[in-house]
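Peer 1: Each chain is listed here by its residues.
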Amino acid sequence: MSWRAGPSRRSIALKPAPFDYVRPASVREACGILAEAGGGATVIAGGQTLMPLLNLRMSQPFILVDIAGIEDIQGVSAVPGGLRVGAMTRQADGLTDALLAARLPAMVMALEHVGHHQTRNRGTVGGSIALGEPAAEMPATAVALGATMEIASLRGIRQVAAADFYLGPYMTALEPDELLTGVIYPHWPEGHLILFREVARRPGDFALLGMTGAAVLENGAVARIGLAWFGMGPTPIRMVQAENALLGQALTDIDPDVVARLAVADAAPFNDHHVSAEYRRTVGHRIFRRTLREAFGLKEAA
Amino acid sequence: MNAEISGHGLGASRWIGKRVPRKEDPRLLTGRGQFVDDVVLPGMLHVAFARSPVACGRIISIDREAAQQMPGVHAVLTAADIAARPIRMLSFFFTEAEIAIAPLADGHVSYLGEPVALVVAESRAMAEDAAALVEIACEEGQPIVSIAQARTGAPIHPGMDSNIAAEIGDEEIDEELEQRLAASALRIRQKVVHQRISQAPMETRGVIASRDGPEELTLWITCQSPHLVARWVSLALDLPDSAIRVIAKDVGGAFGLKNHPWKEECAVIVAALLLGKPLKWIEDRYEALTASNQAREAEMTLEAGFDAEGRLTGSHGIYDCNNGAFPQGADSNIAVHMFVWAAYRQPAYAFVSRGWYTNTNGLAAYRGPWAMESLVRETLLDKAGRRLGIDPVEIRRRNLVYLADQPATSSMGIPLEDITPGECLEKLLQHFDMAQFRREQAKARSEGRYLGVGIAAYVEPTGSAGSMAPMTGELAQVRIEPTGKVTATMSTHSQGHGTATTMAQCIADRLGVRYEDVTVFEGDSSRGGFGPGAAGSRQGVIAGGAAIRCSELLADKVRTVAAHLLNASPDSVVLSDGMVHVEGAPEMTRPLSEIAAIAYGEPDRLPPDLETGLEMQFRYQPPPMTFTSAAHLAIVEVDAETGFVTILRWISSEDCGTVINPAVVEGQISGGLAQAIGMVLLEDMPYDAHGNPLAATFKDYLLPGIGDVPVFEFVHANTPSRTIGGMRGVGEGGAIIGPPTLVNAIADALSPFGEIEELVLPLTPARILDVIEQRDVSGTSKANSPVAETPVTLSPEPVPAEDVVQGVSAAGPAGDWDMVLKTPMGPQAMQAHFDVEGSALRGYLAAPEGRQEFRGGIVEGNRLRFDLKVEKPMKITLKYDLEVSGDAIAGKCKMGMFGSAKVTGKRAP
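Chain order of the listed sequences is A and B.
Residues 3 to 304 in the working numbering are what the first sequence spells out, letter by letter.
Residues -4 to 904 in the working numbering are what the second sequence spells out, letter by letter.
Honestly, I wouldn't trust all of these hints.
[Said to hold, decoys possible] Label pairs and their computed distance ranges (CB to CB):
#	chain 1	residue 1	chain 2	residue 2	range
1	A	P236	B	A75	56 to 64 Å
2	A	P236	B	L689	13 to 21 Å
3	B	R434	A	R292	57 to 65 Å
4	B	R434	A	R204	51 to 59 Å
5	A	S28	B	F516	53 to 61 Å
6	B	V188	A	P236	25 to 33 Å
7	B	G700	A	G83	52 to 60 Å
[Claimed, not checked] Some chain A residues near chain B, calculated using beta-carbon distances under 7 Å:
#	residue
8	L16
9	L55
10	L58
11	R124
12	V201
13	R204
14	H275
15	S278
16	E280
17	Y281
18	T284
19	V285
[Said to hold, decoys possible] 30 Å max Cα-Cα, derived BS3-like pairs, lysine-lysine:
#	chain 1	residue 1	chain 2	residue 2
20	B	K272	A	K17
21	B	K889	B	K870
22	A	K301	B	K438
23	B	K18	B	K244
24	B	K480	B	K13
25	B	K864	B	K887
26	B	K901	B	K864
27	B	K694	A	K17
28	B	K874	B	K901
29	A	K17	B	K244
30	B	K438	B	K480
Note that these hints are calculated values from the structure, not bench results.
All residues carry an ideal CB built from backbone N, CA and C; glycine is no exception.
Go ahead and model the full structure; you've got the sequences and the hints to work with.
Peer 2: In structure tokens form, the structure reads like this:
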């Protein structure tokens, strides 16, 4: 299906700059269009970010590729080693998905904080992941949990670790001819601890900063941990130093204040007109310390 | 007959004071409102603007070739094209600006986003496609963005000698005031740096202009009064009123932005006249945030003295506001100083006030434009109280003017007869246990939770009429139709105010009919008479009085007719629920429709010489000003970890006199308070050093959402005013008293950590952490330090030759002069005539409003001094002190307590 927006502009009250609209039925067809367009195409999934940008003419693609009709990129399924969330899975559907609820509550917790009830009805998991907004929950959670991006093009399918996927604000490893088709989250054992805290002016606002991740405790020590910041740098930032400091540590030996300092040291916060980098560092330290303490049941330092 | 019927000829059913459902709501809540974008005319074309890509610079070229060749494009117009139909862009007071203002940038651009070219096309999208192809080449200059830069930088407007748009008052504190302050037990300063605000109405600006016939014009425009827009456009285009019809049925908020058309609307109007095709322009949200006029960016330092008991001894205020490039009326905001201490026993006050031109969007009004006075005063009082160890309630009790103190006159000469801020505060405290709260606060602090209480009191001038050109009385035209139903045409206009509801309540109440049987028409300049609409919290006060008196007069006529028909005494006729009763004779009860049918259709049955029909009109001219008073209280919790503020409780105790509809009054206050919360915590329209507005979408411009606004509690005091009906205005109050109430609560919560030394809005979480941490977490003090404010110097643009004094004439002061007095309402042009005899000076000043003689002046060389007594806008003696140099004249006019205003001029040709 394809129609040119241009000729109809006389009668339809359209706001965006002219574009061709296509709605491929398969990944292969979509990739064919992307390859042919040579960078002039933009993929639309739920449209909750792209539609305002089109109407504001901040985004002016030549071709809009609507992937909502592609069946095999919808929904959550079990795959060897974990769960695959199809890129076109609506956020609202993810929140009610039984598999996700049972096996990946850390991801569900983050998903609850994405946008508003209304935007989650159309917004997709893959859309949020592929956009790469530095203050968004989904990219950071993919990094924290060690997810792998499933990327298709006419050249084949490749997989990229979430940690290598984000290059800068709204910049990802996706090539112009590539389509994000799914996100594969590794298995996290039942009973994993959730470490999530978001600092946003109001529910649904973009976060000023936040942290997301999960931990597994065995015999009173940290057996596995994955943590990332959002809103604390140009991309989601994996807290490598903090993870290393925690891994293998007995809970009794953990000083949350020291680990929080390492966590903030991993970040690269910025000034914007909402808050300063110093605010992000100061509050980042505090929420990390508190979240760690609460998740691990640590006592307040004397 | 029975106890239900009162002695005033009306039944017991009262509609004033009831929470009746709003007449507007069924239409608005079911999506059937009529906003500008809902109107579609046959053959209508659409407009988009090509805008300046830089904040200041000379236009080198405008290439519209590619745009003109786009399919569907009908025209691409620039300043030169639309100059074919001159339009004068006036202020709200219908005065002309001293700078040149044109709908489209002419020769140079003065703010980023200034419209440069207007594209007309068959659809909005086509118009936008084409506008994107208009190439505007500019020689970019270094913009003046902040007030600090405006002070030291070269003038942004050609021909001006500074960036001062308006100024009034005196820089130096006079000796007596200085002595008062010096002798005070506490001398304290409060500085407020208020951020820039976008009015952000839900319905953005928009207009449809349709030329009907050679020079007749119909406008659908989102506005605050179709009558005012018709009058403004008539003056701006020099067309008779009768040639212009303005329609605005529903308006989705305005808040001061839509008082009258500005650049884009004027460009569309002129283009429609030139092209002869109906044109529509609807501002999109991006334009609304980045190209609409804006408000509030201002700084004020208020200094005050207190004696050891916390009583005021004197005060001085310095106020500066950013007028942007093309304000809708250059403004130094005199009202800030008029009202800063109006409700307090303040023995002495002096001030200086300036508005500054900058390369930013122009200044437009915003709900309570003078609100800085309450913010700076009420936060200063709390600070002084903390310093003196006096509780916030007590320091107000010692200084507020209570009813028992009145009549009184404020330090600025305002007569006070019935203000009740103190009484509102006492009433408020009956609903709040302060001692209990202080215990809870102490307990919470010991647990690391920081609660705070904030109190503020204020008075607000409302229902102003008779002293400024647009601020007239209001007109009611009420008729009982031959069917017995009641229709009224009012000069009111609603942008959500519900005037069709409140006016119907006033009419039903005084006419003895059911509210459901009254229909109010407004929103069309071809209906009813002039009124400025929603501006200055006036419609309930003045139009309410007009509706009441008009209905009473009409009810008298009904009684006369009914008494004649029923052979009863007019005094015994009672109107109730649409029925006409005769006291003591229930069998004579008749429906109003029967009387109405006779009044219109059977003239022979009416009393001799009585005009047929049941129609009445009344224009109400109220007292010049009616004060509303209020005290508010808020409880907040500040999260010391993040600097987040949660509002736990908010009580409003206001005195708006007679309440027509409590739900409408509470809605007005709530809306203003929501905006107050936005201003204190969320909203901000910053510019970068290049003059780029940085909040271009609602992602960055944070409007308060419903979750940010608590459920407000209301306490109503009801001291009737001296107007017909006894109402007091309530439109702006929430936006005025809300900010200091909330800031005081936050400051109280933060008091264990320290003071908010300089109040920079919004109080973001980072700025709150500055106080908690006692270090610069937010970067605010770094940004505001003199190092960051690089002064900008520009070579001024060459002054046009005609403004240069060509040689100096030897003639002295005698003769005729063209002078301009910079008044707080805009520059006022006048002709002066001086006769000199020795050192004696006499003569006259003449303006369109009239001519006034003076004598007894003094001439000393080239210096002239003379006094002139004026009645309007207030009784005041103007003391002129002018200096002649050749063919130029300049100096000051001291206007009593208003301080001094600048006078300039040149010898009349």
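Peer 1: Of the hints stated earlier, which fail here?
Peer 2: 1, 3, 4, 7, 9, 11 and 30
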